[in-house]
Amino acid sequence: MPLILYMRLTSFLCFILVMMLGWMQLYSRAREIFNGTSEIKAEIGHLKSTTAHERIAMALEREQFLEFRQNVATLMPDVLKSKGLGEEGYPYRSLASSISRSEAELVRQTIAKTLFERAKDNFRQEKFPKAIHGFHQIIDHFGFTPYVADSYFLLAESHFKQNELEACTGVIQEMVELFPHHELTGFALVRLGRIYQVQNRNEEAIEIFKTVMRSFPQRDVAAQAKASLKGIDL
Amino acid sequence: MKLMRLLCWIMVFCIDVHVKAEETHKEKCDFNRGNCVILAEDGRRVFRSDEILVMLAPRALLEIRNENTVQLVKGDFYIETEQPVKLQTPYAKIWCEGECKGLFSRTAVTLEVKSLDGNWRITRAGEKTVYVVPAGLQVSIGEVAENGQAQMEFPQSLPWVPTIKQWASLYPGKVSEFKPELEKFRQVWREAVEAVSVLHQTVATRAVASHEAEVEQARRQRLAQLREDQGLRNLFRDKNP
Chain A
1 MPLILYMRLT
11 SFLCFILVMM
21 LGWMQLYSRA
31 REIFNGTSEI
41 KAEIGHLKST
51 TAHERIAMAL
61 EREQFLEFRQ
71 NVATLMPDVL
81 KSKGLGEEGY
91 PYRSLASSIS
101 RSEAELVRQT
111 IAKTLFERAK
121 DNFRQEKFPK
131 AIHGFHQIID
141 HFGFTPYVAD
151 SYFLLAESHF
161 KQNELEACTG
171 VIQEMVELFP
181 HHELTGFALV
191 RLGRIYQVQN
201 RNEEAIEIFK
211 TVMRSFPQRD
221 VAAQAKASLK
231 GIDL
Chain B
1 MKLMRLLCWI
11 MVFCIDVHVK
21 AEETHKEKCD
31 FNRGNCVILA
41 EDGRRVFRSD
51 EILVMLAPRA
61 LLEIRNENTV
71 QLVKGDFYIE
81 TEQPVKLQTP
91 YAKIWCEGEC
101 KGLFSRTAVT
111 LEVKSLDGNW
121 RITRAGEKTV
131 YVVPAGLQVS
141 IGEVAENGQA
151 QMEFPQSLPW
161 VPTIKQWASL
171 YPGKVSEFKP
181 ELEKFRQVWR
191 EAVEAVSVLH
201 QTVATRAVAS
211 HEAEVEQARR
221 QRLAQLREDQ
231 GLRNLFRDKN
241 P
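Residue numbers (this note's numbering), protein chains in the order written: chain A, 1 to 234; chain B, 1 to 241.
Please keep in mind that the hints were generated in silico from the structure rather than gathered at the bench. In this text the structure is predicted, and so the values were computed from the model without any measurement. Idealized CB from N, CA, C, for every residue including glycine. Heads up, some of the hints might be wrong.
As the list claims (entries may be wrong) - If you want a taste of the chain B side facing chain A, the calculated C-beta under 8 Å gives, among others:
(1) Asn35
(2) Val37
(3) Val73
Stated by the list, open to error - Below are the DSS-like pairs computed for lysine-lysine, each with C-alpha atoms no more than 25 Å apart in a straight line:
(4) A:Lys226 x A:Lys210
(5) A:Lys226 x A:Lys161
(6) B:Lys74 x A:Lys48
(7) A:Lys130 x A:Lys120
(8) A:Lys161 x A:Lys48
(9) B:Lys128 x A:Lys81
Just chain A, same shape as in the assembly (with noise of 0.2 Å):
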C-alpha cells in the first residue's frame, strides 16, 4: 500500500514538474516572440554574416590590388629605364615611388629636405612664425628623416627671437631628451643658458653652461659655454 503511494506521489511530482518546464519554455518562447527579442536575434545573425561576406571581399580585393601593384613593380625597371626620365618621365617616376617602399622612401626624404630648406630660409628671413609651422611639419610628420635635429635647434631659436621664453625652454628640453649628445643640443642648452641669465637666474646659468662644458666634447661648443660663462663673472 504505502508502495503505491509513493508510486503515485512520485508521478505526480515529475508530472508537476515537467508542466512546469513545459510552461516555462512556452514562457520563454513567447516572450521572445511578442517583444521582437527573436526578430533583434535574427537581425543580429544576419548582420554578422553580412559583415563576414563584407570582410571576406575586402580581403579579396586587397589581394588583388596587391598582385596588381607587384605586376606594375616588375615592369616599372624597364619603363623607367626608357621612359623616365627629364620632365615628361615624372609621371613614371610617381608611379614608381608609389609602389615601391624604396622609392617612397626616397621621395619623402626630398619632401622633408623641401620643407626644412623652406622654414630656413624663413627663419632667415626673420619670418618666425612661418618657419616654426614648417619646422613643426618636419618634426611631426617626418620624425626620421636627418632634418630633425636641426629643425628641434632653428624652432628653439625661433621661439627665442620671438620671446616666447618658455616654449624655447620646452623645446631644449625635448632637445635634450631626444638628443642628448648632439652637437646642436649643446648649442641649444648654451642658449638656455643666456635665457636663465636674462632671467637673473645667474646660479642656474652657471650650472648649465659648466655642465655643457663637462659633457659635451665638441670645440665650438664648450667654447661658447666658456665664454658665456665668463660673461657672467664680469
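Please build the complex by placing chain B on the supplied structure of chain A, with the hints as guidance.
Below, chain B alone, put in the same frame as chain A:
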C-alpha cells in the same frame, strides 16, 4: 510505467538541445570549377579534393580561382598534394611535381615556404628562374624591389622546434599517424641541414673571394690614379721650375 515513459518523452522534448555542428554551415567548393573562397574562422579548417589537401589555421583565407590554382591570401596553411596544383601569391608561384608536403605562412608582405616532403618549385615575381626547395629547407619571399624582382632570401634549413609545433597544430591526421611521419622527417631534416651548411660555406667562400678580387682591383685602380697624379705633378714642376 507507460505514464513514466510518456513523462520522460515530454521532458526530453522540452529540453532545448544546441549541438555545435562544425561542418553543417560550410559551403561546397568544387576544386575543378574554381571561384570559391575558404575561410577558417575561429578553428582550423580542412579542404580536401582529389588533387590537394589543405589545412587552414584559424583565420586563414584562401581562394580557388580556377582549375588547379589556389591563391593563398592570408594565414598559415599545411598543404599536401600529388598533382601539379599551382599555389599563387602576389610574390611567387609555387607548385610541386610528384608528392609534396609543406607549411606556408602568408602575411601582407611576405610568404614563407617550409618544405616537409618532396621538392617544391618556386618562381618569384619578375623572374622566370625556377628554384627548387627540397624537404627540410625553408625560403622567404617578399615584395618586388626596385630591380623588378621579388626579394628572396637564400634557402635555409628549417628551425626544428617552431616547425614541428606549427606542423603539429595543422596536421590533419591522428597523433599516432603523425609520429612515424615525424621520425621520417627527422632524418630528411638532418641531411638537409648538413647539405645547406656545405652550400652556405661554398657560397660564403665564393663571396669572400669575389670581395677580395674587388678590393684588389680597387687597390690597383687607386695606385694607377696615384701614379698618374704624381706624373702630372712632376710634369707641372718641370714646366714651372
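Results of checking the hints against the structure:
For B:Asn35, the shortest C-beta to C-beta distance to chain A is roughly 11 Å, which exceeds 8 Å, and the interface hint is violated. With a cut of 8 Å, the hint placing B:Val37 at the interface with chain A holds, because the nearest CB-to-CB distance is about 6 Å. With its C-beta approaching chain A no nearer than about 5 Å, B:Val73 sits inside the 8 Å limit, and its interface hint holds. Taken as a hint, the A:Lys226 and A:Lys210 pair is honoured in the structure, with Cα atoms around 8 Å apart against an allowance of 25 Å.
Between the alpha carbons of A:Lys226 and A:Lys161 the distance comes to roughly 23 Å, so the proposed pair stays at or under 25 Å and holds. Annotation: proposed proximity of B:Lys74 to A:Lys48 holds, straight-line Cα distance about 21 Å (limit 25 Å). Proposed proximity of A:Lys130 and A:Lys120 is supported: the alpha carbons are some 10 Å apart, at most 25 Å. Proposed proximity of A:Lys161 and A:Lys48 is contradicted: the alpha carbons are some 59 Å apart, above 25 Å.
A distance of roughly 21 Å separates the Cα atoms of B:Lys128 and A:Lys81; the hinted pair therefore holds under the 25 Å criterion.
Violated hints, in rising order: 1, 8; the structure is consistent with all others.
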